[in-house]
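In my numbering, the protein residues as written are 56 to 173.
One or more of the hints may lead you astray.
SDA-like cross-link-like pairs, simulated, lysine to any residue; straight-line CA separation at most 20 Å [said to hold, decoys possible]:
(1) 157 x 130
(2) 82 x 66
(3) 82 x 97
(4) 109 x 65
(5) 109 x 88
(6) 82 x 102
(7) 157 x 65
(8) 120 x 132
(9) 100 x 84
(10) 100 x 134
(11) 82 x 134
(12) 168 x 68
(13) 100 x 170
Have a look at the derived ranges for each label pair, beta carbon to beta carbon [unchecked claim]:
(14) 124 x 163: 31 to 37 Å
(15) 129 x 157: 31 to 37 Å
(16) 94 x 163: 30 to 36 Å
(17) 94 x 164: 28 to 34 Å
(18) 124 x 67: 19 to 25 Å
(19) 158 x 120: 16 to 22 Å
(20) 129 x 70: 25 to 31 Å
(21) 78 x 125: 30 to 36 Å
(22) 163 x 90: 18 to 24 Å
(23) 120 x 77: 28 to 34 Å
(24) 74 x 126: 29 to 35 Å
Source of the hints: derived by calculation from the structure; they are not laboratory data.
Glycine is no exception: its CB is placed at the ideal position from the N, C-alpha and C atoms.
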Amino acid sequence: MGRILVVEDDPDLLEVVQLILESNNHKVFPLMNGRPIFRIIEEFKPDLILMDIKLDGMDGRAIFKEIRTRENTAHLPVILTSGGFSEDYIMREHHTSDGYLKKPFEMSAMLEKIDSLL
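The task is simple: from the sequences and hints, build the whole structure.
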């Protein structure tokens with residue numbers, strides 16, 4: 056189905072998300088931090104990005120803003136995830152993503168959002 060870049064610094068959650076997505080016929084590139092994200096986007100060519108806001112040593116909101124400002128990535132659907140921010144806060148801060156999942160989230164809700172965007 057789709058090529059999904061998953062950016063998540065919790066290795067257990069990253070593994071579970073990868074397994075669920077792959078069992079639903081998605082090709083997944085798991086990434087534990089955002090540092091190489093633009094190189095990975097160029098090489099992997101994802102159809103969608105699922106990204107945590109609170110990454111180890113990085114702010115997913117800043118990465119998201121950069122994704123939206125670059126011509127070659129602005130079109131990519133991005134679903135943001137977080138256990139520390141509400142969806143209202145995200146929208147107030149003008150981080151208008153294509154979807155938001157508050158942790159802990161149901162895998163079925165994740166799949167539903169992904170399927171609606173692909």
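The hints, checked one at a time:
1. 157 x 130: Distance of about 23 Å is beyond 20 Å: violated.
2. 82 x 66: Holds: residue 82 and residue 66 sit about 18 Å apart, inside 20 Å.
3. 82 x 97: 15 Å, holds
4. 109 x 65: Given pair residue 109, residue 65 holds - Cα atoms ~10 Å apart, limit 20 Å.
5. 109 x 88: Holds, at about 10 Å.
6. 82 x 102: 10 Å, holds
7. 157 x 65: Holds, at roughly 15 Å.
8. 120 x 132: This hinted pair holds, its Cα atoms lying about 13 Å apart.
9. 100 x 84: 10 Å, holds
10. 100 x 134: 16 Å, holds
11. 82 x 134: At roughly 16 Å apart (the allowed maximum being 20 Å), residue 134 and residue 82 satisfy the hint.
12. 168 x 68: 17 Å, holds
13. 100 x 170: 18 Å, holds
14. 124 x 163: 31 to 37 Å: 33 Å, holds
15. 129 x 157: 31 to 37 Å: 25 Å, violated
16. 94 x 163: 30 to 36 Å: 32 Å, holds
17. 94 x 164: 28 to 34 Å: 30 Å, holds
18. 124 x 67: 19 to 25 Å: Because 32 Å falls outside the window, the suggested range is violated.
19. 158 x 120: 16 to 22 Å: Taking Cβ atoms as reference, residue 158 and residue 120 lie about 21 Å apart, which means the hint holds.
20. 129 x 70: 25 to 31 Å: With Cβ atoms ~30 Å apart, the hint holds.
21. 78 x 125: 30 to 36 Å: 32 Å Cβ-Cβ, so the 30 to 36 Å window holds.
22. 163 x 90: 18 to 24 Å: Distance hint for residue 163, residue 90 is violated at roughly 31 Å.
23. 120 x 77: 28 to 34 Å: The hinted range 28 to 34 Å holds for residue 120 and residue 77, with Cβ atoms some 29 Å apart.
24. 74 x 126: 29 to 35 Å: Once the Cβ atoms are compared, 34 Å apart, the range 29 to 35 Å for residue 126 and residue 74 holds.
Taken one by one, the earlier hints fail for this structure at numbers 1, 15, 18, 22, listed in ascending order.
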